[in-house]
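As they're listed, the protein sequences go chains A and B.
Per my numbering, residue 28 is the first one in the first sequence, and the count goes up by one each step.
Per my numbering, residue 21 is the first one in the second sequence, and the count goes up by one each step.
Be a bit skeptical, because a hint or two may be false.
As the list claims (entries may be wrong) - With a Cα cut of at most 20 Å, we get these calculated EDC-like pairs of lysine to aspartate or glutamate:
#: 1; chain 1: B; residue 1: 164; chain 2: A; residue 2: 381
#: 2; chain 1: A; residue 1: 84; chain 2: B; residue 2: 165
#: 3; chain 1: B; residue 1: 28; chain 2: B; residue 2: 42
#: 4; chain 1: B; residue 1: 164; chain 2: A; residue 2: 83
#: 5; chain 1: A; residue 1: 171; chain 2: A; residue 2: 219
Quick caveat, the hints were computed from the structure, so don't treat them as lab data.
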Amino acid sequence: MKASADAAAPAGARRIVNFGPQHPSTHGTLRSVIELEGERIVSLEPEIGYLHSGFEKLAEHRTYNQTVVITDRMNYLSPLCNNVGLAVAVEELMRITVPPRCAAIRVALCELSRIADHILVVGLQAMDLGAFSVMLWTFIEREKLYDIFENVTGARLTTSYTRVGGLLRDVPPDFEETCRSFMKDCTRTLDDMEEMLNDNRIFVDRTRGVGRISREEAISYGITGPVLRACGVPYDIRRVRPYLGYEKYSFDVITETEGDVYARYRVRMREMRESLKIVDQVLRTLPGGPVSVEDPRIAIPPKTADRRPSGGMEGLIYHFKHYMFGHGLCPPEGEVYSCTEVPNGELGFYLVSDGTQRPWRWRVRPPSFYNYQPFPEMCRGRLLSDVVAVLSSLNIIAGELDR
Amino acid sequence: MKTDWAGKIRERFPGEVLGGREHAGQRTVWVRRDRILDLLRFLRDECGFDMLTDLTAVDHLGRGRPERFAVVYQLCSVAGWERARLEAFVPESDPVIDSASGLWKAAPWAEREVWDLFGIRFRGHPDLKRILLPDDYEGHPLRKDYPLRGRGERQNFPRFVP
Chain A
28 MKASADAAAP AGARRIVNFG PQHPSTHGTL RSVIELEGER IVSLEPEIGY LHSGFEKLAE
88 HRTYNQTVVI TDRMNYLSPL CNNVGLAVAV EELMRITVPP RCAAIRVALC ELSRIADHIL
148 VVGLQAMDLG AFSVMLWTFI EREKLYDIFE NVTGARLTTS YTRVGGLLRD VPPDFEETCR
208 SFMKDCTRTL DDMEEMLNDN RIFVDRTRGV GRISREEAIS YGITGPVLRA CGVPYDIRRV
268 RPYLGYEKYS FDVITETEGD VYARYRVRMR EMRESLKIVD QVLRTLPGGP VSVEDPRIAI
328 PPKTADRRPS GGMEGLIYHF KHYMFGHGLC PPEGEVYSCT EVPNGELGFY LVSDGTQRPW
388 RWRVRPPSFY NYQPFPEMCR GRLLSDVVAV LSSLNIIAGE LDR
Chain B
21 MKTDWAGKIR ERFPGEVLGG REHAGQRTVW VRRDRILDLL RFLRDECGFD MLTDLTAVDH
81 LGRGRPERFA VVYQLCSVAG WERARLEAFV PESDPVIDSA SGLWKAAPWA EREVWDLFGI
141 RFRGHPDLKR ILLPDDYEGH PLRKDYPLRG RGERQNFPRF VP
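Work out the full structure: start from the sequences and follow the hints.
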C-alpha cells in the first residue's frame, strides 16, 4: 500500500480515504485506498480478494457436472450465463453437440439473464447518481425474471440448470407465455428508463466524459463486454465465435464511440432490446425433441414413471457408473479454452483434462478481473464522486473477481 | 483467412519450441521460457494478436511434461477473431519467467495472481505481490502438492482479541 506510506509525511492537503469494503456503492466487497488532494483523486489502489473462495482449487476435486454449482456463485447477477459457459466449455472439450432444443433454451435463458444483469446495473448506476425510482422499476422487472428462472430451474439464484450435454430438465409448458408477458412489460420499462435518463441533466452531467478509456488502452487492458463495445470495438463472442447456434438469430452488435460512462449506459440499454429480439426469435422457432444428448455415457438417462432408471439392467449400470468414483464422465486428455459472452464480458473457461473424471485444471477467465484493472486510471485526476459513477458502470461482481 | 501462427513461430524461433498439441481444433505451442517476451512480441506485432485474453499457469506435477509448471498465454486478435495459446515451461527449482507487463496492460494483475496461487515469479514486474490472498499468507494453494483443506490456515487465522 504505497498510498498509506505517503500519509505519514503530510504533503499539502493530501489525505487517504478508505473506500469500502463495506461501502454501499461498492456493490460487493470491493475496497479502494484513495489518495485525495482536496476532492481530486491523486491515486487509487484497488484491494481485491475479500471474497476469494478458492473455486479453482475446489473444482479440481469435483467432477465436471459437480462444478456447475460453483459457477452459480461466481457472477450472482446472471448465474445462468455462467452455467451455460461451463457446459459449453466441457462440451467443446469432449466435442459433444447438444440437441437443438437444448441450445435454443440455453440461448433464451442466457438472453433473459443478460437483461436481468444489465437492467440491474443500469438501475444501480442510476441510484448511485441519485435517480432512485429507476432502481425500483428495474427491480420489478428483475423480480419477474426471477419468477421465470424459478419456474424453469427451481431456484432464483443458485440455478445450476445445465448439465454436460444438456439441461437438468425441460422448460415448463407455460414458459413461452410467461416470457411473452415479461417481454411486453420490459419493453415499456426500458422506454420509461430511457425517457428518465437519456437526457436527464444530472445523469448526463455526471456520466458524460467520465471514466473515459481509449480503444487501444481498452484492448491492451483486455477489457471485454459492454465496456469495450462502448469504446467502438465490435467485439461480441456471440458474433465472432458463435456458440449454441447464435449465428441463426439476427441481432446487432451495439457499439458506441465515446468510451465513457454514458456510452456504457447506452450500450447496455440498447443491448437489452437486442436480447429481447433474440428471445422473441427463439420462442418463435423453439424446436421440439430431447433436451439432453441421448448417449447414456454422457447424460444420465431419464427415469421411468416409477422413479427407476430406464433401460433395464443396462440402464441401471449406466446410471450407477455416473456416481461411481473413477467412472462416469471422463473427457479425453487435452485442453481447451472456451469463451462465452456473459453480461459483463468474455467469460472464458480453460479446462485441462488428464482423461479422468475430474479436471486437472479448471481456470476461469473472469471478465470482472480484467475490466477492473484500469479502474485507477479511469479515476485519476477526477473527483471523488466520480468513483461511484465509474465503478457502477464497470459492473464488477466480487464473487467472480475474487473467485 | 487463418494465419499459421504456430508454423511462423517454429520457423522464426526454432530453438525455442519444445512441442505442440492440438485438441478440439485449438493449437497450443510449448516453448522455453528464456525468450518468451520475444515470442509474445512477435505474436503481437507481426501476427496481429493484440489482446492478452488471459494469463494463467498450470501445475503439471507428475504428468511427464518438460517442466513442472507452465505459464499459459491466451492471445486473441480482436480484428481477425483468432486465438493463439502459448505454454512456457518453468522449472520447479527456479520458478521465474519474464513479465509481460511491458507488452500488455492486462498482464500485471494476472501475473500477481499467478504469483499468489502458484508461486511463479515474474522478472521485471512493477509491483509483484499477492492479490487474492492476504499478504502474510504462506504457500501457494493452486500447486498440486497443496492440500485442498489447507495447512491449518483457517484454524490458525489471527484473531482480534480486544
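Each hint tested on the structure:
With a C-alpha separation of about 14 Å, the suggested pairing of residue 164 of chain B with residue 381 of chain A holds against the 20 Å cut-off. As the CA atoms of residue 84 of chain A and residue 165 of chain B are separated by approximately 12 Å, the hinted pair is consistent with the 20 Å bound. Straight-line distance between C-alpha atoms of residue 28 of chain B and residue 42 of chain B comes to about 16 Å, which keeps the hinted pair within the 20 Å bound. With a C-alpha separation of about 12 Å, the suggested pairing of residue 164 of chain B with residue 83 of chain A holds against the 20 Å cut-off.
Of the pairs offered as hints, the one joining residue 171 of chain A and residue 219 of chain A holds, with about 17 Å between alpha carbons and a cut-off of 20 Å not exceeded.
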